[in-house]
Amino acid sequence: MKSLILIGTLIIFNIISVYNQSNIYKSKKSLVTFFSKAPLEDIEAKNEKAISLLNVNNNEIVVRIPIKQFMFRNKLMEEHFNENYMESERFPYATFKGKINEKVDFSNPGNLNISATGILNVHGVNKKRTLNGVLTVIDSEIQLKTKFDILLADHKISIPRLVFNKIAEQIEVNTFFSYSTQVKQ
Amino acid sequence: MKIIITIILFGFHSLVFAQDDLMKMATDSNETQVKNSTFKATRIINGHSVETVGKNNMDFKISHRFDQINRGFSDFFGLDAATNRLGLEYGLSNGVMIGIGRSSYEKNYDFFGKYRLMRQSTGRNSYPVSISAFTGYSLRTVKSTPELSASDRSSYTGQLLVAKKFGELFSLQLSPTIIYRNRPDKLNDAKSVLATGIGGRVKITKRTSINGEYNYVFPGQINEDYSNNLSFSYDIETGGHVFQLLFTNSFGMVERQFITETEGSWANGDIHFGFNITRTFSFDKRVKK
Chain S
10 MKSLILIGTL
20 IIFNIISVYN
30 QSNIYKSKKS
40 LVTFFSKAPL
50 EDIEAKNEKA
60 ISLLNVNNNE
70 IVVRIPIKQF
80 MFRNKLMEEH
90 FNENYMESER
100 FPYATFKGKI
110 NEKVDFSNPG
120 NLNISATGIL
130 NVHGVNKKRT
140 LNGVLTVIDS
150 EIQLKTKFDI
160 LLADHKISIP
170 RLVFNKIAEQ
180 IEVNTFFSYS
190 TQVKQ
Chain B
8 MKIIITIILF
18 GFHSLVFAQD
28 DLMKMATDSN
38 ETQVKNSTFK
48 ATRIINGHSV
58 ETVGKNNMDF
68 KISHRFDQIN
78 RGFSDFFGLD
88 AATNRLGLEY
98 GLSNGVMIGI
108 GRSSYEKNYD
118 FFGKYRLMRQ
128 STGRNSYPVS
138 ISAFTGYSLR
148 TVKSTPELSA
158 SDRSSYTGQL
168 LVAKKFGELF
178 SLQLSPTIIY
188 RNRPDKLNDA
198 KSVLATGIGG
208 RVKITKRTSI
218 NGEYNYVFPG
228 QINEDYSNNL
238 SFSYDIETGG
248 HVFQLLFTNS
258 FGMVERQFIT
268 ETEGSWANGD
278 IHFGFNITRT
288 FSFDKRVKK
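These protein sequence lines are chains S and B, in that order. Residues 10 to 194 (the numbering used here) are what the first sequence spells out, left to right. Residues 8 to 296 (the numbering used here) are what the second sequence spells out, left to right.
In case anyone wonders, no lab produced these hints; they're calculated from the structure. Warning: the hint list may mix true and false statements.
List time: in silico DSSO-like cross-link candidates among lysine-lysine, alpha-carbon distance up to 30 Å [as the list claims (entries may be wrong)]:
| hint | chain 1 | residue 1 | chain 2 | residue 2 |
| --- | --- | --- | --- | --- |
| 1 | S | 137 | S | 55 |
| 2 | B | 31 | S | 55 |
| 3 | S | 38 | B | 171 |
| 4 | B | 213 | S | 37 |
| 5 | B | 292 | S | 154 |
| 6 | B | 62 | S | 106 |
| 7 | B | 150 | S | 55 |
| 8 | S | 55 | B | 292 |
| 9 | S | 165 | S | 137 |
| 10 | S | 37 | S | 108 |
| 11 | S | 46 | S | 154 |
| 12 | S | 137 | B | 31 |
| 13 | S | 58 | S | 112 |
| 14 | S | 58 | S | 35 |
| 15 | S | 156 | B | 292 |
| 16 | B | 114 | B | 213 |
| 17 | S | 106 | S | 37 |
| 18 | B | 31 | S | 136 |
| 19 | B | 62 | S | 55 |
| 20 | S | 156 | B | 62 |
| 21 | S | 58 | B | 31 |
| 22 | S | 55 | S | 38 |
| 23 | S | 38 | B | 31 |
| 24 | S | 38 | S | 106 |
| 25 | B | 198 | S | 58 |
| 26 | S | 156 | S | 35 |
| 27 | B | 62 | S | 46 |
| 28 | S | 108 | S | 154 |
| 29 | B | 31 | S | 37 |
| 30 | B | 210 | S | 55 |
| 31 | B | 150 | S | 58 |
| 32 | S | 112 | S | 46 |
| 33 | B | 292 | S | 136 |
| 34 | B | 210 | S | 112 |
| 35 | B | 210 | S | 165 |
| 36 | S | 46 | S | 136 |
Here chain B is said to cover these stretches of chain S; the calculated rule only asks that three of the stretch's residues, wherever they fall, bring their Cβ under 8 Å from a Cβ of chain B [stated by the list, open to error]:
| hint | segment |
| --- | --- |
| 37 | 53-67 |
| 38 | 70-77 |
| 39 | 100-112 |
| 40 | 148-154 |
From the three backbone atoms N, C-alpha and C, an ideal C-beta is built for every residue, glycine too.
Starting from the given sequences, assemble the full structure and let the hints guide the process.
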């Protein structure tokens with residue numbers, strides 16, 4: 010009986026310790042797009058399935074983007090992107106894990122230029138990056154917009170020799186996250 | 008005993024703390040991961056694959072079948088003569104496509120639709136295989152004596168395409184088929200013919216694969232002069248095109264022609280070289296101007 014109580018207490022304590030994190034915000038809406046000018050047909054795609062979490066206590070931020078959820082206008086190009094460039098079966102996610110460098114008062118409404126330094130993982134290759142963005146606080150909602158470039162060579166993404174539509178060496182990525190749901194209290 | 012339990016639980020406890028990591032929390036319980044590219048084109052070689060054209064995408068298909076290789080040097084191993092099929096395929100949604108085609112062989116017109124019933128996927132919606140349903144109508148317009156009515160020149164095809172991708176490199180498809188010909192060319196042939204296709208794809212590099220396809224007609228339905236269709240191809244994909252270089256024993260490229268009326272036999276060397284070229288165009292909205 011005693012051990013049961015002990016077990017029960019521990020389990021409850023475990024659960025509480027995991028979920029009692031009101032300082033963590035999760036993205037409710039997200040949009041990640043990228044764009045590359047190409048001679049015949051511009052290469053562009055959007056992804057609405059990315060997830061980001063923001064810890065307003067210690068400025069920690071993470072982003073996780075499922076590669077297969079990038080939607081292209083041309084489905085053959087989408088397959089090409091998954092199979093030949095990103096190898097999404099082997100590397101299903103692109104991630105960023107970092108910290109916001111500036112001191113931010115997340116309860117103070119307004120726009121703020123921020124930067125975050127951390128590890129960007131694309132195609133299974135880590136790269137230390139500092140990404141710039143604009144943080145907007147609107148009452149209970151936090152929005153974050155970023156724009157940055159990815160150099161394919163940085164992430165060992167090779168461009169096949171025989172392709173119909175050559176992709177640029179550098180891809181412009183735009184992200185938007187709207188955080189509002191606090192992770193369960 | 009109690010101590011052990013306590014230790015284990017404390018162990019779990021610290022484990023949970025260790026997982027107190029933002030990245031581990033950034034998961035989506037609703038996520039479904041679909042297996043893409045079971046086959047590269049909407050055809051394995053001759054027969055339809057489980058794949059459909061993407062939404063608002065249009066595929067333009069140019070297919071050629073040259074004459075038999077065993078024609079020898081005087082006919083340049085069959086390259087002197089060829090039949091072709093031109094086709095257009097359009098994706099109404101990511102799961103529904105329609106298409107039309109015109110073959111020079113028998114001056115045949117074909118119309119078809121394909122509908123995805125399920126996609127092989129893992130995650131929240133998990134399915135072990137991909138299944139598509141195919142239905143087609145074809146009309147011969149070549150002049151014949153005696154002249155035949157349109158209904159006598161018509162045939163209908165129904166197929167269930169069941170495919171599975173094993174890992175990254177190997178895909179397999181089974182295609183139970185029924186073909187109904189209002190008027191078979193041979194007197195004793197069955198009007199409705201049951202068959203099954205089996206096809207596979209083995210990826211060799213990121214962008215190339217070897218495909219094989221065999222269409223087995225259950226015995227006693229068609230004349231012994233006909234053979235079952237067997238084909239092999241080498242596929243190259245370039246992001247906008249799919250090239251299929253192939254060898255087959257059939258001149259025709261429509262279900263009635265290659266499943267129920269294949270005249271060539273591999274054993275006799277009646278092999279046709281040919282190719283399918285697919286070019287994809289998109290009419291979908293731009294992401295950004």
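Hint by hint, here is what the structure shows:
1. For the proposed pair residue 137 of chain S and residue 55 of chain S, the alpha carbon gap of about 24 Å is at most 30 Å, so the pair holds.
2. The straight-line distance between the Cα atoms of residue 31 of chain B and residue 55 of chain S is roughly 24 Å, inside the 30 Å bound, and the hint therefore holds.
3. Under the criterion of a C-alpha separation no larger than 30 Å, the hint pairing residue 38 of chain S with residue 171 of chain B is inconsistent with the structure, at around 33 Å.
4. Distance restraint check for residue 213 of chain B and residue 37 of chain S: the Cα-Cα separation of roughly 35 Å exceeds the 30 Å cut-off, and the hinted pair is therefore not satisfied.
5. This hinted pair checks out: residue 292 of chain B and residue 154 of chain S have alpha carbons roughly 23 Å apart, not beyond 30 Å.
6. The suggested pairing of residue 62 of chain B with residue 106 of chain S is violated, with an alpha-carbon distance near 34 Å, which exceeds 30 Å.
7. Proximity of residue 150 of chain B to residue 55 of chain S is assessed by CA-CA distance (about 52 Å); at most 30 Å being required, the pair is judged violated.
8. Restraint check for residue 55 of chain S and residue 292 of chain B: the C-alpha separation of about 12 Å stays at or below 30 Å, so the hint holds.
9. About 14 Å separates the Cα atoms of residue 165 of chain S and residue 137 of chain S, which keeps this hinted pair within 30 Å; it holds.
10. Proximity of residue 37 of chain S to residue 108 of chain S is assessed by CA-CA distance (about 20 Å); at most 30 Å being required, the pair is judged to hold.
11. Of the pairs offered as hints, the one joining residue 46 of chain S and residue 154 of chain S holds, with about 22 Å between alpha carbons and a cut-off of 30 Å not exceeded.
12. Restraint check for residue 137 of chain S and residue 31 of chain B: the C-alpha separation of about 20 Å stays at or below 30 Å, so the hint holds.
13. Between residue 58 of chain S and residue 112 of chain S the alpha-carbon distance is near 29 Å, which keeps this suggested pair within the 30 Å criterion.
14. As the CA atoms of residue 58 of chain S and residue 35 of chain S are separated by approximately 13 Å, the hinted pair is consistent with the 30 Å bound.
15. Annotation: proposed proximity of residue 156 of chain S to residue 292 of chain B holds, straight-line Cα distance about 22 Å (limit 30 Å).
16. For the suggested pair residue 114 of chain B and residue 213 of chain B, the alpha carbons sit about 37 Å apart, so the restraint of at most 30 Å is broken.
17. The straight-line distance between the Cα atoms of residue 106 of chain S and residue 37 of chain S is roughly 18 Å, inside the 30 Å bound, and the hint therefore holds.
18. Restraint check for residue 31 of chain B and residue 136 of chain S: the C-alpha separation of about 20 Å stays at or below 30 Å, so the hint holds.
19. Using a Cα cut-off of 30 Å, the hinted pair residue 62 of chain B and residue 55 of chain S holds, with the two alpha carbons roughly 15 Å apart.
20. For the suggested pair residue 156 of chain S and residue 62 of chain B, the alpha carbons sit about 28 Å apart, so the restraint of at most 30 Å is met.
21. Taken as a hint, the residue 58 of chain S and residue 31 of chain B pair is honoured in the structure, with Cα atoms around 16 Å apart against an allowance of 30 Å.
22. Straight-line distance between C-alpha atoms of residue 55 of chain S and residue 38 of chain S comes to about 13 Å, which keeps the hinted pair within the 30 Å bound.
23. Between the alpha carbons of residue 38 of chain S and residue 31 of chain B the distance comes to roughly 19 Å, so the proposed pair stays at or under 30 Å and holds.
24. For a cut-off of 30 Å, the pair hint linking residue 38 of chain S to residue 106 of chain S stands: about 19 Å separates their Cα positions.
25. Between residue 198 of chain B and residue 58 of chain S the alpha-carbon distance is near 50 Å, which puts this suggested pair outside the 30 Å criterion.
26. Distance hint between residue 156 of chain S and residue 35 of chain S is fulfilled; the C-alpha atoms sit about 20 Å from each other, no more than 30 Å.
27. Note on residue 62 of chain B and residue 46 of chain S: the hinted pairing holds, with a Cα-Cα distance of about 22 Å set against a maximum of 30 Å.
28. A threshold of 30 Å between alpha carbons decides the hint, and for residue 108 of chain S with residue 154 of chain S the separation of about 15 Å falls inside it, so the pair holds.
29. Using a Cα cut-off of 30 Å, the hinted pair residue 31 of chain B and residue 37 of chain S holds, with the two alpha carbons roughly 17 Å apart.
30. Taking the CA atoms of residue 210 of chain B and residue 55 of chain S, the gap is about 28 Å. The hint holds against a cut of 30 Å.
31. Pair hint residue 150 of chain B plus residue 58 of chain S does not hold up; C-alpha atoms about 56 Å apart against a cutoff of 30 Å.
32. Distance hint between residue 112 of chain S and residue 46 of chain S is unfulfilled; the C-alpha atoms sit about 37 Å from each other, more than 30 Å.
33. Taking the CA atoms of residue 292 of chain B and residue 136 of chain S, the gap is about 33 Å. The hint is violated against a cut of 30 Å.
34. Between residue 210 of chain B and residue 112 of chain S the CA atoms are separated by roughly 51 Å; this puts the pair beyond 30 Å, and the hint is violated.
35. Under the criterion of a C-alpha separation no larger than 30 Å, the hint pairing residue 210 of chain B with residue 165 of chain S is consistent with the structure, at around 21 Å.
36. Distance check on the hinted pair: residue 46 of chain S and residue 136 of chain S sit about 24 Å apart at the alpha-carbon level, within 30 Å; holds.
37. Under the rule that three or more residues need a Cβ within less than 8 Å of chain B, the assignment of the segment 53-67 of chain S holds, with 8 such residues.
38. Taking a C-beta to C-beta cut-off of 8 Å, the segment 70-77 of chain S contributes 6 residues in contact with chain B, enough for the three needed, and the coverage statement holds.
39. Only when three residues or more bring their CB closer than 8 Å to a CB of chain B does the claim for the segment 100-112 of chain S stand; here the count is 3, and the claim holds.
40. Under the rule that three or more residues need a Cβ within less than 8 Å of chain B, the assignment of the segment 148-154 of chain S is violated, with 0 such residues.
Checked against the numbered hints above, the structure breaks hints 3, 4, 6, 7, 16, 25, 31, 32, 33, 34 and 40 and satisfies the rest.
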